[in-house]
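4 protein chains.
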Amino acid sequence: MIIVLKADQPQAKVDSFIEKLTGSYDVQVNTWVGAHSTVLGLIGDTTAVDEEYIAAQDVVENVRRVQEPYKKANRKFHPEDTVITLPGGQKIGGGSLALIAGPCSVESEEQICGIAESVKRSGAAFLRGGAFKPRTSPYAFQGMKAEGLELLSKAKAKTGLPIVTEIMSIDHLPLFEDVDVIQVGARNMQNFELLKRLGKLSKPILLKRGLASTIEELLMSAEYIMAEGNEQVILCERGMRTYETMTRNTLDISAVPVLKRLSHLPVIVDPSHASGISWLIEPLAIASAAVGADGLIIEVHNDPSHALCDGAQSITPAQFDSLVKKVNTVFDTVHSL
Amino acid sequence: MIIVLKADQPQAKVDSFIEKLTGSYDVQVNTWVGAHSTVLGLIGDTTAVDEEYIAAQDVVENVRRVQEPYKKANRKFHPEDTVITLPGGQKIGGGSLALIAGPCSVESEEQICGIAESVKRSGAAFLRGGAFKPRTSPYAFQGMKAEGLELLSKAKAKTGLPIVTEIMSIDHLPLFEDVDVIQVGARNMQNFELLKRLGKLSKPILLKRGLASTIEELLMSAEYIMAEGNEQVILCERGMRTYETMTRNTLDISAVPVLKRLSHLPVIVDPSHASGISWLIEPLAIASAAVGADGLIIEVHNDPSHALCDGAQSITPAQFDSLVKKVNTVFDTVHSL
Amino acid sequence: MIIVLKADQPQAKVDSFIEKLTGSYDVQVNTWVGAHSTVLGLIGDTTAVDEEYIAAQDVVENVRRVQEPYKKANRKFHPEDTVITLPGGQKIGGGSLALIAGPCSVESEEQICGIAESVKRSGAAFLRGGAFKPRTSPYAFQGMKAEGLELLSKAKAKTGLPIVTEIMSIDHLPLFEDVDVIQVGARNMQNFELLKRLGKLSKPILLKRGLASTIEELLMSAEYIMAEGNEQVILCERGMRTYETMTRNTLDISAVPVLKRLSHLPVIVDPSHASGISWLIEPLAIASAAVGADGLIIEVHNDPSHALCDGAQSITPAQFDSLVKKVNTVFDTVHSL
Amino acid sequence: MIIVLKADQPQAKVDSFIEKLTGSYDVQVNTWVGAHSTVLGLIGDTTAVDEEYIAAQDVVENVRRVQEPYKKANRKFHPEDTVITLPGGQKIGGGSLALIAGPCSVESEEQICGIAESVKRSGAAFLRGGAFKPRTSPYAFQGMKAEGLELLSKAKAKTGLPIVTEIMSIDHLPLFEDVDVIQVGARNMQNFELLKRLGKLSKPILLKRGLASTIEELLMSAEYIMAEGNEQVILCERGMRTYETMTRNTLDISAVPVLKRLSHLPVIVDPSHASGISWLIEPLAIASAAVGADGLIIEVHNDPSHALCDGAQSITPAQFDSLVKKVNTVFDTVHSL
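The listed protein sequences derive, respectively, from chains A, B, C and D. Under our numbering, the first sequence has 198 at position 152, and the numbering climbs by one with no breaks. Under our numbering, the second sequence has 120 at position 74, and the numbering climbs by one with no breaks. Under our numbering, the third sequence has 247 at position 201, and the numbering climbs by one with no breaks. Under our numbering, the fourth sequence has 293 at position 247, and the numbering climbs by one with no breaks.
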């Protein structure tokens with residue numbers, strides 16, 4: 047951590063500040079005196095040093111962190127890739143491409159079972175489907191809730207596909223017993239109470255990047271879960287908010303290789319939410335497979351124009367089938383380079 | 047709502063789509079046939095019409111809403127300003143400038159009571175103070191929690207200042223009995239389960255704009271609370287995320303007059319979080335008072351350089367005292383123009 | 047074009063406005079009268095209708111364009127892909143992957159000729175190299191200017207590679223005689239006087255997307271060039287400005303398929319400027335080839351750590367050689383799907 | 047400047063890098079050796095040190111500047127406010143509020159002279175009016191060009207108001223003889239060749255912040271002009287591009303106090319372009335006067351609904367007259383606090 051002091055501070059104040067630093071934290075402090083400013087360098091474990099606290103000190107002009115503020119999610123301290131393995135043997139990470147597919151919302155037993163069977167045939171290893179739906183408008187369809195989770199369980203029983211579905215409140219946790227991978231949506235990426243509670247579970251958490259969160263904030267939210275003991279976190283890039291209006295969000299494709307370099311956690315991409323447009327899903331899925339993603343989560347609906355939500359960004363089972371063949375080919379090609 | 051159809055659709059498909067619209071919603075549909083496209087215009091109550099559902103239809107190229115998707119927060123249907131009045135007579139909205147002040151975090155009885163007395167003397171009508179703190183890092187101070195709420199109650203007992211403090215989880219609600227105004231932080235603006243639960247209370251909710259939320263999304267989140275019956279919502283502009291790094295966030299000063307035009311709800315500004323820099327708070331507070339804000343929420347700490355959080359953006363009681371005189375003068379000047 | 051009128055306008059004002067519309071433009075106007083608003087629909091050629099002029103009218107609440115405001119760049123009016131073919135037979139567009147490579151700046155004859163030969167061996171069909179350099183700081187190296195252009199010509203004479211280089215001012219145009227493809231940099235994307243002048247040339251123009259320009263603005267800038275007669279425009283996605291700081295810019299990978307759908311012009315990607323980080327160039331180049339780009343423009347320097355600019359985002363000739371093999375394999379794989 | 051080295055670099059490489067630094071620049075280098083990284087601190091004049099060059103070195107992990115990269119625009123080296131004084135005595139900076147008003151575009155002698163007389167009566171000290179207009183679409187009205195400049199001269203002759211108007215190309219400079227303040231528009235803020243040329247003039251330059259430029263980039267563009275000898279630069283905040291669509295741009299009100307702290311140059315605000323909505327101009331002008339701006343540039347049109355451009359954001363002379371009284375009252379109130 048580098049701390050730049052304000053110009054012309056009395057030496058006594060500077061000395062007392064340095065004493066405070068070495069007294070409060072397990073760090074050493076080096077000092078440079080320049081023409082216009084004095085700079086302090088903190089060496090040691092600065093993860094516990096609160097940047098805001100430092101920045102608030104009288105003598106401080108500004109402060110910059112050199113080391114990453116996350117530990118458990120940090121590849122430096124955990125060089126090997128984390129591979130998530132489900133009881134049924136399905137994997138996320140570790141050199142294969144995990145395909146998670148299903149409708150935005152569970153709508154009926156027939157719908158979810160039909161789609162589950164179909165995406166399984168095409169090669170999906172996981173079934174997604176929303177039971178609790180975060181919608182911008184209180185007047186929009188909010189999901190089938192508990193009933194939706196039951197229907198997901200039926201689809202799982204029929205197909206063997208593990209369930210990936212979103213949680214919106216700690217209170218709903220008892221309903222998630224049969225859920226295999228619990229998803230934290232973009233709007234809840236910094237719902238820290240929820241993250242802490244999920245950190246006490248022993249099942250994988252799929253953590254989506256917030257609407258306008260930085261890569262570092264995503265890793266810090268993963269750290270919240272991991273710090274409680276649950277190290278099975280899957281990171282998901284799903285597009286960020288920008289000024290561009292042609293797509294719903296802007297897929298930050300660079301986030302995939304950056305996250306994989308900074309962290310050992312698996313990284314998947316959600317091209318459906320990133321684009322919001324069905325015809326864009328295939329090219330973005332292919333690009334994601336090519337750039338090094340460990341998986342894809344894709345909205346598939348048997349009848350997109352009657353979907354109760356997100357129909358505009360859903361593809362049909364036939365389109366998914368064609369997409370799977372292509373992304374697998376590209377993934378294999380890139381991995382054999 | 048304006049729906050542009052794809053070019054060259056068979057008339058039968060168009061007709062069947064129009065029938066579906068008039069059958070499903072309480073709307074009339076007008077049709078124009080142009081050279082390159084056919085356009086439908088929906089007239090009636092389109093609040094219930096799901097844009098995404100429409101956009102997903104086969105025949106649809108794109109869809110644009112003409113009417114606002116919020117009703118209860120909408121000034122068109124409620125032209126008079128909403129004024130929030132607390133049992134002690136303190137008001138937010140209605141022509142005065144509500145001043146909410148206090149530390150980022152409650153740290154001790156001495157601290158919170160001291161600051162409360164001091165800001166009261168300077169003219170604050172409300173005491174703010176965090177008991178549950180949303181922090182990016184799991185390793186940072188997370189607030190005094192239940193104990194912090196108790197200390198806030200003590201400060202209230204001593205000073206009569208109503209308490210404004212943030213809730214982070216529905217589960218903590220029982221602890222908020224003595225809280226006068228419950229704050230929803232930026233990170234939870236779209237924690238819809240929390241909003242719905244707060245909508246069932248009969249106390250005012252201070253709703254902060256999300257880190258990168260649009261003005262319309264803020265109003266839709268207010269609508270979530272109001273749709274459940276609680277119409278006492280205070281909107282708060284606290285800076286948005288942009289590419290500029292000189293300030294922590296970018297204060298969207300235009301949001302104040304825009305929100306006041308679109309909605310009847312009171313609008314306050316948080317210059318502390320918007321800037322993240324203590325010397326910027328006074329000019330931004332003055333600008334906010336000048337632009338028409340109904341109040342200010344400001345971080346004041348007796349000893350910013352020892353604050354357990356957000357010290358860099360806290361001002362001292364003396365600075366607050368000077369600020370209050372200035373913002374009141376500017377507010378009065380502008381209101382007498 | 048859809049025009050929403052303000053509520054409660056006197057009929058006479060509305061009628062006079064409609065007359066003005068049909069009198070000024072070659073359009074028909076349809077009218078719907080709704081409960082809260084009246085909406086006009088303009089049918090015909092609305093390219094010439096000035097949205098701002100309409101929006102300023104007394105009776106108008108807001109106005110939205112349904113048709114794209116660009117014509118010559120629009121795929122609707124020109125369904126076939128444009129393929130740029132140079133005198134030497136090199137192509138951009140039309141099913142192959144054009145590789146443009148070279149140093150950020152020309153630094154010496156030895157440097158530029160050496161790199162040219164090397165990238166040619168690896169498969170580049172075009173040589174890039176900056177002679178006039180737009181630098182944020184007036185104190186940074188500004189390029190070798192006229193001398194740099196001469197050295198590019200020497201490298202072209204030796205290798206046969208056509209030259210791609212940036213122009214920063216109309217005044218420099220006489221020096222660009224021997225340049226094969228003139229590049230307009232991101233900072234000049236809306237230097238309309240420059241675009242108009244380049245529109246009178248008969249050589250290809252490589253137009254980079256502005257630092258924070260929308261996809262539509264990029265197409266409108268292409269339209270400026272094309273409207274003057276020069277239809278040989280190559281569009282280039284080079285990353286957009288966002289709040290994310292981990293990469294220099296955020297590569298908008300979706301822009302590639304979106305641009306190719308909206309326009310017939312070839313689209314290339316610049317992964318060097320998009321990321322600003324050398325190790326990210328290969329994965330982003332692979333993703334771009336996979337998503338459908340018609341070419342790549344990549345900074346290659348024989349000695350990045352001594353490059354006079356942009357060394358941090360340059361790769362070595364050996365890295366480029368390896369990259370070319372990979373992107374070609376991926377491109378071929380995707381095109382054979 | 048702080049340079050963090052990659053972990054585990056051989057000492058010889060580090061030593062040779064340090065030698066290179068002290069050999070190339072007028073700086074001293076201090077070294078800290080930490081557990082995970084070695085950090086170098088450069089002390090001395092680092093303005094000439096090229097960050098990108100440093101970042102590209104093999105041994106470097108990252109580099110951060112501590113000192114500002116601008117000198118002539120920097121308040122540290124020029125503590126007194128710069129005041130621009132025109133031959134006629136009109137001032138920008140120095141404790142008064144400069145009002146610049148006039149139409150988006152010059153349209154006729156009658157129009158420009160009429161508006162000039164009217165805004166002068168209301169208190170404007172400068173006349174603005176566009177002769178060369180940067181328009182997104184090549185099909186939109188591009189301004190009256192040379193004829194527009196002549197009409198501005200006539201209005202100046204009649205009223206004595208100095209002219210503020212935009213230049214779009216170096217080639218047009220001979221036409222700008224009678225122009226008093228030359229404006230560089232947002233789209234040309236980084237048209238460095240234009241900036242350098244304007245730096246050789248001895249008349250004031252009004253430099254608008256780019257569509258998505260940082261505060262530091264704005265200061266670096268001012269530095270381009272000042273480095274050539276012309277120190278009469280006026281900075282203008284005119285709204286930045288964000289994801290919010292309710293306003294055309296987002297006025298960064300914080301930029302005013304930040305710029306005034308970092309630089310001695312006068313800072314004005316353009317509420318017309320910042321908002322794009324006529325009813326927002328007054329509140330934003332008031333907020334700007336309250337926050338410390340040295341002036342305002344406002345679009346005034348005698349008949350906004352017939353304006354040839356930007357009518358939606360123009361106010362009438364009567365509205366301007368009312369606005370002037372209000373902003374002057376607020377400015378005086380704030381300055382007397």
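Hints are not guaranteed to be accurate.
One copy or any two copies: either way a pair holds, since identical chains are not told apart in the list.
[Claimed, not checked] Below, in silico cross-link-like pairs of lysine-lysine (DSBU-like), each with a Cα-Cα straight-line distance of 30 Å or less: (1) K118 with K249; (2) K66 with K191; (3) K118 with K191; (4) K372 with K122; (5) K246 with K117; (6) K200 with K166; (7) K249 with K191; (8) K191 with K242; (9) K59 with K122; (10) K59 with K117; (11) K137 with K372; (12) K166 with K117; (13) K204 with K137; (14) K52 with K372; (15) K166 with K137; (16) K137 with K66; (17) K118 with K137; (18) K52 with K118; (19) K191 with K246; (20) K122 with K52; (21) K249 with K122; (22) K117 with K191; (23) K204 with K59; (24) K118 with K200.
To be clear, the hints were calculated from the coordinates, so they are not data collected in a lab. Keep in mind that this is a model prediction, so the values were computed, not measured.
A quick look at each hint next to the structure:
{"no.": "1", "hint": "K118 with K249", "result": "within (17 Å within a copy, 41 Å between copies)"}
{"no.": "2", "hint": "K66 with K191", "result": "between (52 Å within a copy, 27 Å between copies)"}
{"no.": "3", "hint": "K118 with K191", "result": "between (33 Å within a copy, 26 Å between copies)"}
{"no.": "4", "hint": "K372 with K122", "result": "between (34 Å within a copy, 28 Å between copies)"}
{"no.": "5", "hint": "K246 with K117", "result": "within (18 Å within a copy, 41 Å between copies)"}
{"no.": "6", "hint": "K200 with K166", "result": "within (15 Å within a copy, 59 Å between copies)"}
{"no.": "7", "hint": "K249 with K191", "result": "both (20 Å within a copy, 28 Å between copies)"}
{"no.": "8", "hint": "K191 with K242", "result": "both (23 Å within a copy, 15 Å between copies)"}
{"no.": "9", "hint": "K59 with K122", "result": "between (36 Å within a copy, 23 Å between copies)"}
{"no.": "10", "hint": "K59 with K117", "result": "between (33 Å within a copy, 29 Å between copies)"}
{"no.": "11", "hint": "K137 with K372", "result": "both (20 Å within a copy, 27 Å between copies)"}
{"no.": "12", "hint": "K166 with K117", "result": "neither (37 Å within a copy, 43 Å between copies)"}
{"no.": "13", "hint": "K204 with K137", "result": "within (20 Å within a copy, 53 Å between copies)"}
{"no.": "14", "hint": "K52 with K372", "result": "between (58 Å within a copy, 28 Å between copies)"}
{"no.": "15", "hint": "K166 with K137", "result": "within (15 Å within a copy, 42 Å between copies)"}
{"no.": "16", "hint": "K137 with K66", "result": "neither (48 Å within a copy, 43 Å between copies)"}
{"no.": "17", "hint": "K118 with K137", "result": "within (21 Å within a copy, 47 Å between copies)"}
{"no.": "18", "hint": "K52 with K118", "result": "between (34 Å within a copy, 21 Å between copies)"}
{"no.": "19", "hint": "K191 with K246", "result": "both (23 Å within a copy, 20 Å between copies)"}
{"no.": "20", "hint": "K122 with K52", "result": "between (33 Å within a copy, 12 Å between copies)"}
{"no.": "21", "hint": "K249 with K122", "result": "within (24 Å within a copy, 48 Å between copies)"}
{"no.": "22", "hint": "K117 with K191", "result": "between (36 Å within a copy, 25 Å between copies)"}
{"no.": "23", "hint": "K204 with K59", "result": "neither (70 Å within a copy, 36 Å between copies)"}
{"no.": "24", "hint": "K118 with K200", "result": "neither (36 Å within a copy, 40 Å between copies)"}
The structure fails to meet hints 12, 16, 23 and 24 from the earlier list, while all remaining hints are met.
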